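J.: Take a look at the letters that make up each chain.
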Amino acid sequence: MSSLSILAVLLIAGVVAYFVGRIRSVKVCKGEQSTLHSRPTYHGFYLAVWTVLLAVFVLTVWSAAERPVQNYLAMKKMPASVLETSDAQKSLTMSVVDSIATGLPKLTAEEREIVRKARYGFVTPADARDVLARHGVILGSAPEPYVLAAADDLAISRALAATILPIVCFLVAAAGFLWGYTRLAPKLRARNIVESVMRWGLLAASTVAVLTTIGIVLSVLFETIHFFQMVPPQDFFFGTVWDPRFSSVGRAGGAQGQFGLLPLLWGTMFISIVALLVAVPVGLFAAIYMSEYAGPRVRTFSKPVLEILAGIPTIVYGFFALVTFGPFLRDTGAHIGLDISASSVLTAGIVMGVMIIPFVSSLSDDIMSAVPQSLREGSYGLGATQSETIKRVILPAALPGIVGAILLAASRAVGETMIVVLAAGIAANLTLNPLEPVTTITVKIVSQLTGDLEFNSPQTLVAFALGLTLFVITLGLNVYALYIVRRYREQYE
Amino acid sequence: MTDQAATITPSFGPGSPATAKLRKRHAAEKRFRLYGILALLFGFMFLVVLFGTIISKGWTAFVQTSIHLSIYFDPAVVNPSGNPDDRDELLRADYTKLARNALYKVLDVNTDDRKERRAANDLLSRGVDVQLKDAVVDDPSLIGQTREYWVLASDNTDALLKGSIDRKTLNERRAVSDQQIVWIDQMVKDDVIEKRFNTGLFVNGASSSPETAGLGVALIGSAFMMLTVALLAVPLGVAAALYLEEFATKNRWADIIEVNINNLAAVPSIVFGLLGLAVFINFLGLPRSASLVGGLVLSLMTLPTIIIATRAAIKAVPPSIREAALGVGASKMQLIGHHVLPLSLPGILTGTIIGLVQALGETAPLLMIGMVAFVVDYPTTPLEPSTALPVQIYMWATAAERGFIERTAGATMVLLAFLIVMNSVAVYFRHRFERKW
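Protein chains in written order, with numbering that gives the first Met the number 0: chain A, 0 to 492; chain B, 0 to 436.
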């Protein structure tokens, strides 16, 4: 019985307990509901909570602990020759054991007997391998008897756990139910108890966001430290050559790649700068027009339409840049004698710039609209035209907020992936020419992590170091932007 | 002195420097205003160009060229043993040959000429056998009979009829030879070749030839992921928002959560992919390419969006209602369950849909967890390998064959259609149900 079906049964039991609790509560007050402290519904919930909560807790802990405990026990029984090998080798052995153990239950009784004989050396391991292959467990070489022994024991203990777990869960549920049932009484403060359980539930839900952040930081940091054990940090942060080569794990003296961050960082910055050169003037002027000139009708129409630009999935922009905008720029360049490659800084930068226009325009618009009317009127009173008022009064007053908006847009541009994956190119160039392709941090994260993964090669782990760099950069930009925006808002409130 | 007075220009009135300066200032005013209009128009124009190119490139993907053939299910080819119950034989038979034979008859091909035969073969899709095989396996009594079928033409034939292959290019440099063009034109005249609605685009799985590639697996994968997000991120997000708005006292912990959510909303999506790879796949041992993992990652990603939207909706419930409920003796939980949640439901739904829209269009984190997979068969559970709609677009966009560009644009149209529908529902909810207090 899988954990999910146990959970489903427990939930059904909870519903039953709810109705039992309701009926029982009416009975214990002998039909006079005014003598009950809490209404029957809460008695129902009270009983359901006692029935389900403990059992689900047991189920969760068991499911989380089962695998590691079993694997640990299996590993302990391995011969010394295996225990002396490296961690990578051990996990490889364990994965073979795991796949055999997963396949064993599919075998018929006779076939299982063959495997068992192979375990004790009555038949050759090759026979066991053939039997297993018939059921989709393909092994590279004939398994050692100790591997078969471990797998056999593992399969038995798994089967045992699978029978015991539902029994334990249902016993706990029954015990909880009985305990709750005996406590049902008119004076029971069922509502308060149920409400405090719910409150704890809400608190738990709100910590998921914090756990996610901790998860991001820990997981990325952990793999990054792993990476820095293989490649020194100064080579990563100050290296000017990006040439990771192919994974060379297990091959002594294999090609050691070079993991210089600088070309990627420059590419990311270069494209972001081009994007901001498009987005800042366009977004700012659009915001000025919407907040200062446009009537309410144009404003209510144009703001959401402009925001569509931020709602279009970035893969769509990437595709557009790849098949339409890149070739268009290349052909235009050819006309006027410029050699623009189809995927260049310019292509990716301009398309990305369009994508982040709304990030600049919407926030700037809000901030400019928040500048008090008295400042405008004071300026008009001195004889300034509208544009002079905007340039000399509104923009300086709104400047911190606008800078915040631009920083937020910049952080979006730095973290953007799909446009650059499709339109920026993959060669890590340190170039100042916007007509050439460059590559970015995000592109390299994607290219290092698609395909076969080995979690112990620097070629894979470097993606996490890149991810951490990206996370720190965007977090810094955001925190600073929010700080600026918040400080500015306090001025007028 | 009097001379000097005559040369002094008047300080106001026509021709005075002030007037000239004023004119300049007014011109600057007009220019400034024009820049604003231009900026807005630039944004609008880009939208129009973007949608225009995608639709003009993509609409042809919704029709696909098929050839009408009367197929003779030759027993010698399909079932040489003569035993129609031998499923293995039926599954292994060379159905392509049946379609080719039928085509030779239509085109009057000289079957002894190998070159000519090959040229005719190239008119048919490499996937024709699947259609015929399914028909025979379903109903073995077809063997020995002749039936009419519309079978798929190859992507080059399709491209020629859709006009994306230029007939004027030289024979050697064209993907379709002169001989093939003659045949195709003849079939067009005989009405045995036509563009039919492309259901394959919506039901087929991955394929290496564009004409048989479809979004079926991607649609199912995306549906599983949306389901996961709806079942996981929505209850968690609403619960978290309720706690923060209704219970959290202004203390350190609440501050930490608050700052956290704001920053989490701005973390690049690709970093969530790294989290998913490290935690769900490497640490918890969930399978790669599974839509469950994709759904989990997208849930974490959309959680801040849903929390922020829900908090705004809860905040909009006026204090008078809270006070009235508390005044007649409701507990905090009763206040929430009976009043706050029902009243803020439209806002919560809108926020939820916006979160789902964001999740549906997201590609980058899914690349990290191995959703870039060649999946032919429909996944039946969220634990089986599948792809997602935007990932399928990415894979087709990077495919080499020309036919895939049309498919990519078509798939993009499908994705955008979903997003537009979902956004419209959100806008409808906002207008129809949201109350102004």
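Worth double-checking, as some hints may not be accurate.
Unchecked claim - Pairs of lysine-lysine residues, derived as DSSO-like cross-links and limited to a Cα-Cα distance of at most 27 Å, are as follows: (1) A:K390 x B:K23; (2) B:K20 x A:K302; (3) B:K331 x A:K390; (4) A:K75 x A:K105.
To be verified - Each pair of labels, with its calculated beta carbon distance range: (5) B:V47 x A:P371: 16 to 22 Å; (6) A:L337 x B:N281: 55 to 61 Å; (7) A:S94 x B:L46: 17 to 23 Å; (8) A:V304 x B:D137: 28 to 34 Å; (9) A:S94 x B:W58: 47 to 53 Å; (10) B:N281 x A:L394: 47 to 53 Å; (11) B:L46 x A:F18: 36 to 42 Å; (12) B:A222 x A:P326: 43 to 49 Å.
Bear in mind the hints are in silico, worked out from the structure with no lab data behind them.
Values in this document were obtained by computation on a predicted structure and should not be read as measured data.
The beta-carbon is built from N, C-alpha and C at its ideal position, and this holds for glycine as well.
J.: Which of the listed hints are broken here?
T.: 2, 3, 5, 6, 7, 8, 11, 12
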